Each structure stands twice: as C-alpha cells, then as structure tokens.
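One-letter residues, chain by chain:
Number of protein chains: 2
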Amino acid sequence: MMITDSDQARPIPEPTLRRLPTYHHFLKTLEAEGREAVSCSTMGRELNLDPTQIRKDLAMTGITGRPKIGYVVTDLIGAIESFLGWNDIQQAFLAGVGNLGAALLGYQQFNRYGLDIVAAFDTDEAKIGRQVQGKEVMPLSKMADLARRMHVHLGIITTPAEHAQYVADQMVAGGIEAIWNFAPIVLSTPEHIIVQDEDLFSSLAVLSRRLRTRLQAMQ
Amino acid sequence: MMITDSDQARPIPEPTLRRLPTYHHFLKTLEAEGREAVSCSTMGRELNLDPTQIRKDLAMTGITGRPKIGYVVTDLIGAIESFLGWNDIQQAFLAGVGNLGAALLGYQQFNRYGLDIVAAFDTDEAKIGRQVQGKEVMPLSKMADLARRMHVHLGIITTPAEHAQYVADQMVAGGIEAIWNFAPIVLSTPEHIIVQDEDLFSSLAVLSRRLRTRLQAMQ
DNA sequence: TTGTTCTCGATATAAAATTCTCGATTTAAC
DNA sequence: GTTAAATCGAGAATTTTATATCGAGAACAA
Ligand SMILES: NC(=O)c1ccc[n+]([C@@H]2O[C@H](COP(=O)([O-])OP(=O)(O)OC[C@H]3O[C@@H](n4cnc5c(N)ncnc54)[C@H](O)[C@@H]3O)[C@@H](O)[C@H]2O)c1
Ligand SMILES: NC(=O)c1ccc[n+]([C@@H]2O[C@H](COP(=O)([O-])OP(=O)(O)OC[C@H]3O[C@@H](n4cnc5c(N)ncnc54)[C@H](O)[C@@H]3O)[C@@H](O)[C@H]2O)c1
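Here the protein sequences come in this chain order: A and B. For the first sequence, the residue numbers in the working numbering are 1 to 219. For the second sequence, the residue numbers in the working numbering are 1 to 219.
Please note that a few of the clues may not be correct.
The list cannot tell twin chains apart, which means a pair is met if one copy fits it or any two copies do.
Straight-line C-alpha distance at most 25 Å; calculated DMTMM-like pairs for lysine to aspartate or glutamate [what the hints assert, rightly or not]:
1) K56 to E14
2) K28 to D116
3) K28 to D169
4) K142 to D169
5) K28 to E162
6) K142 to E125
7) K56 to D199
8) K127 to D169
9) K28 to E46
I should point out that these hints are in silico values taken from the structure, not numbers from a laboratory. It should be emphasised that the depicted structure is a prediction, and the values quoted were computed from it without experimental measurement.
Sequences are here, hints too, so could you generate the full structure?
Structure, rendered in structure tokens:
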C-alpha cells in the first residue's frame with residue numbers, strides 16, 4: 001500500500017509542527033540573502049537546536065537533502081509551506097474586535113501563511129458597521145449563517161473568556177471546522193472540531209517562573 | 001539536606017508550567033461561583049486532561065489535597081500564583097507600539113498575573129510623545145538607560161522581526177534579565193538572559209496542518 | 001459503627017520526544 | 001585519482017512526559 005502524505009499511519013509530532021515555522025522564518029531570511037543551500041548543522045547553530053532534530057523535522061515534510069551540501073533553500077521553504085497547507089489560503093472569520101482582535105485583523109503577514117481573515121464580528125453596537133483595519137465589523141448574529149454560505153472553515157475567537165463558549169457554539173452551528181481560540185478558557189466542542197488554543201498565559205507562566213527563580217537565586 | 005522551592009534538584013517540566021494557567025483560570029471561575037473544593041477528576045473532566053496528570057502538576061506547586069475532598073480552591077489558586085511568581089508584580093518595558101504592542105499595552109488583566117507594563121518605546125517619530133492606551137510612548141534610545149535606573153528586569157518585544165535583535169541588544173545593555181519575544185525570529189543573547197518566544201506561527205502551524213489534513217480527508 | 005465510595009499520592013508502566021551513533025554519500029582539496 | 005571533511009539518513013539509546021495501578025485515608029450513608 002502506498003503511503004501518501006494525507007493517510008500516513010502515524011500523526012506528526014506536535015513539537016515538530018511547532019518548530020517548522022521557526023525554520024521557515026530562518027529560511028526566508030537566507031533566501032532573501034541569496035543563499036542557495038543550507039545544512040542542518042548551520043541551522044542548528046543559528047537556531048540553538050540539535051541538528052539531528054532539525055533533520056528529523058524536515059524529513060517529515062518529505063524533503064531530502066544531499067550529503068555535504070544540505071538542503072536547497074527554496075525547495076525547503078516550499079516543502080514546509082505545502083506540508084502545513086500554507087499554499088492554499090484558508091478564509092477565516094474573527095469574533096471579538098477588541099484590542100487583540102484588531103491586532104490580528106491588521107496583520108497582513110497572515111496572508112502569506114495560509115490565512116485570510118475575511119470578516120469580523122462583534123456584539124458591541126458601537127463597533128458594528130464601523131471599519132477596523134479596513135474591514136467592516138458585522139453583528140455576531142449573522143456569523144453562523146454567513147459562514148455556511150461562504151463555506152468558511154476557520155474561526156478565530158478574541159472575545160472575553162466569558163463569551164468565548166457562546167461564540168464557539170455559533171461557529172460550530174455555522175459549520176466551522178477549526179477554531180483558533182485566544183480566550184483563556186477551555187472550550188467545549190463536538191469531537192470533530194479542531195480547537196487550537198493560543199494561551200498567552202502559558203507562555204507568561206514559563207517566563208514568570210524562570211524569572212522568579214532567577215531573581216530569588218540572586219536574593 | 002532540605003530541599004526548598006528554589007534549589008530543587010530537577011527543573012519543573014515545561015508542559016507542567018504551561019498547564020498551570022489553565023488550572024488557574026478554571027479555578028478562578030470556580031471561586032467566583034463560590035465553590036470551596038475541587039478534585040482532580042472534576043477538573044480533568046472539564047479541562048479534557050488526565051486526572052493523574054493534573055495531580056502531578058499540582059503537586060509541583062507544593063500543595064496537598066485531601067482524600068475524597070480534593071483541594072481547597074482558594075489555597076490552590078494561591079499556590080499556583082506564588083509558584084509562578086504572580087504575587088509580586090514585575091515591571092516591564094515594551095518595545096514596538098504597533099498593532100500587537102498596543103493590544104498588550106491595553107490588556108489590564110496582566111496586572112493580575114504578575115506583569116505591569118510601565119513604559120512603551122518606539123522609533124517612530126509619529127508615535128513618540130503620544131499616549132497609547134493611556135501610556136506615553138518614549139524613544140527607544142532612552143530605554144536602556146531607563147531600564148537600568150528603574151531596575152526593570154523584563155522586556156517585551158513587539159517590533160517587526162528585522163528590528164527585534166537590535167531591540168534585544170538594547171534591553172540586554174539596559175540590564176534586562178528576561179525577554180518576552182513576539183517577533184518571529186530567534187534572538188541571539190548572552191547565556192544568562194531568559195528568552196521566552198511567543199510564536200503565533202507555531203500555533204498556526206499546528207492548526208493549519210490539522211485543518212489541511214482534515215479537509216483533504218474529506219476530498 | 002461499618003461498609004462503600006471517592007480521591008490522593010506514590011510507584012510502575014507505557015508512550016513520546018530527543019539525542020547519540022554510525023555507515024553511506026558527496027564534494028572539494030591535494 | 002585519492003583522500004579528507006562534511007553531511008545526510010536510519011536506527012539505537014536515552015531522557016522526558018504521560019498514563020495506569022494500587023494502597024491508604026477520609027467522608028458519607030446505612
Ligand atoms: N489584549 C491582549 O493582549 C490579550 C492577552 C492575552 C489574552 N487575551 C485574551 O484575548 C481576548 C480578547 O482580549 P482583548 O484585550 O482584545 O479584549 P477587548 O475587551 O479589547 O475586546 C473584546 C471584544 O469582544 C467583543 N465581544 C464581547 N462579547 C462578544 C460576543 N459574544 N461576540 C462577539 N464579540 C464579543 C467586545 O465587544 C470587544 O470588542 C480575551 O479573552 C483576553 O483574555 C488578550
Ligand atoms: N499583529 C499581529 O497580529 C501579529 C501576529 C503574529 C506576529 N506578530 C509579530 O509581532 C510583531 C509586531 O507586529 P505588529 O503587527 O504589531 O507590527 P506593527 O508594524 O503594527 O508595529 C511594529 C511597531 O514597531 C515599531 N518599531 C520598528 N522598529 C522599532 C525599533 N527598532 N524599536 C522600537 N520600535 C520599533 C514600529 O514603529 C511600529 O510601531 C512583528 O514581529 C510581527 O511579526 C504580530
């Protein structure tokens with residue numbers, strides 16, 4: 001039986017997925033400098049990672065390198081992008097046009113990473129109808145229906161935590177398959193819904209603990 | 001030999017640290033509901049985590065529970081906060097008052113999680129001197145000196161990637177010990193500097209891959 | 001009181017991820 | 001050509017992380 005990219009037996013390790021963008025960013029700067037090839041040893045030195053690990057991560061994308069040379073930079077970039085699905089752009093809805101929501105709406109780079117936020121929704125009357133970052137804010141009540149009609153599969157939640165579950169329910173009702181959740185709450189969704197939490201406090205916790213330990217060690 | 005919190009032999013597993021805020025948020029809602037005690041089984045059910053894992057994570061903070069009852073909610077919250085150092089508030093500087101920087105500046109909740117962004121810096125003349133989220137934006141050139149004089153230990157980078165290394169260098173020059181980096185680039189800093197990367201693209205990569213696999217499976 | 005049930009906490013097992021080792025391959029220098 | 005240096009790729013070993021098991025303690029109901 002042929003093993004293709006989509007029906008491979010074992011799932012991709014999440015740590016690998018999380019490192020791929022790091023490689024991608026680094027490779028983009030190499031490409032901009034006109035560099036043609038790069039080895040895992042070089043990347044490891046620059047990115048503070050074990051070369052073997054990088055080699056294994058890259059192997060996941062299906063690309064192969066050449067001894068003594070390394071990998072062709074542009075090929076590698078392409079392999080990572082297609083592996084992550086950054087080639088075909090996903091349309092997304094965003095709910096909660098506050099501080100964070102507006103920042104995400106205004107981030108043009110996302111278009112290069114497979115993400116296009118096509119509409120924004122809020123419940124605040126003062127915001128509905130206005131433009132934020134050049135995109136019109138619509139009432140949340142229209143979200144589910146629009147998602148279905150526009151075949152939007154991805155939703156981004158940037159509302160306060162107390163409203164996140166309701167928004168998630170609306171997204172599921174609208175046929176959305178995957179949710180990028182920035183609210184610090186664990187959503188309750190049907191099995192088949194993909195939920196990716198982006199919890200800034202997780203990151204802050206690691207930092208806080210390390211800093212606290214450091215400062216204590218110094219008395 | 002006595003093993004205290006600060007000189008324990010083995011470091012805290014990072015996955016544990018990353019889960020602690022999740023427990024914290026959940027416990028806060030329980031507390032608001034007036035709940036006195038909670039068991040790992042209950043938490044596991046609500047948070048989709050293995051109860052044994054939660055028990056191990058909580059044990060790291062030094063708290064103990066009671067059979068048949070569980071843990072006292074307020075004690076647990078306190079244990080997590082003190083374990084992470086969220087009790088004594090760290091003053092922080094933020095560099096790069098763009099979309100994302102402004103969102104972080106405007107996020108009052110941070111004060112409850114040990115973080116107080118006391119000043120913001122930028123190189124854009126149009127922004128310097130202005131107020132953003134009620135905080136004055138100062139020229140980056142003053143950052144290092146001010147950090148030293150105010151004994152600020154924490155820096156947040158929200159500049160474009162191409163300027164992040166320069167900003168990091170300035171922070172190190174100002175005696176800053178820890179950096180929370182939102183720019184998608186691996187910073188090069190002295191050994192002793194704590195760098196915590198918050199790479200939104202890592203999160204996006206996991207989501208993109210899963211969604212891509214899903215959509216492909218559906219043809 | 002007494003048995004039942006729930007839960008902690010310690011220990012053991014399993015799974016996952018990282019790091020190490022080594023042969024094969026290719027380039028480039030001599 | 002021949003040799004030396006670098007690097008890939010596959011597999012083994014190690015470390016880390018997650019899950020399962022089980023005895024003991026505490027509440028609660030009968
Ligand atoms: N701003 C940050 O830096 C930051 C950092 C960490 C986490 N977060 C989290 O991100 C989320 C948003 O934070 P923020 O600072 O942008 O908050 P915010 O208060 O600035 O914005 C929230 C927005 O959501 C809207 N909203 C409320 N209920 C809604 C609903 N049912 N449907 C649609 N929209 C609704 C509000 O009208 C508002 O515009 C919060 O959950 C917060 O905890 C933010
Ligand atoms: N906005 C988002 O949603 C988002 C998402 C993912 C990653 N990021 C990353 O976060 C960073 C900031 O993104 P953004 O959208 O806020 O960008 P932005 O362009 O809105 O803001 C960048 C700010 O940094 C300032 N700046 C530039 N050079 C500086 C320097 N040397 N010192 C101090 N300030 C300087 C600019 O004047 C500007 O105000 C970028 O690295 C971006 O890749 C942002």
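So, going through the hints one by one against the coordinates:
1. K56 to E14: both (13 Å within a copy, 22 Å between copies)
2. K28 to D116: Within one copy, since 20 Å is at most 25 Å while 34 Å is not.
3. K28 to D169: Answer is between; shortest inter-copy Cα gap is 22 Å, intra-copy 38 Å.
4. K142 to D169: within (13 Å within a copy, 48 Å between copies)
5. K28 to E162: Intra 39 Å, inter 12 Å, cutoff 25 Å: inter-copy only.
6. K142 to E125: For K142 and E125, the Cα distance is within 25 Å only inside one copy (14 Å; across copies 41 Å).
7. K56 to D199: between (27 Å within a copy, 21 Å between copies)
8. K127 to D169: Within one copy only: 22 Å inside a chain, 40 Å across chains, cut-off 25 Å.
9. K28 to E46: Classified as within; 14 Å inside a copy, 41 Å across copies.
Hint violations for this structure: none, all hints satisfied.
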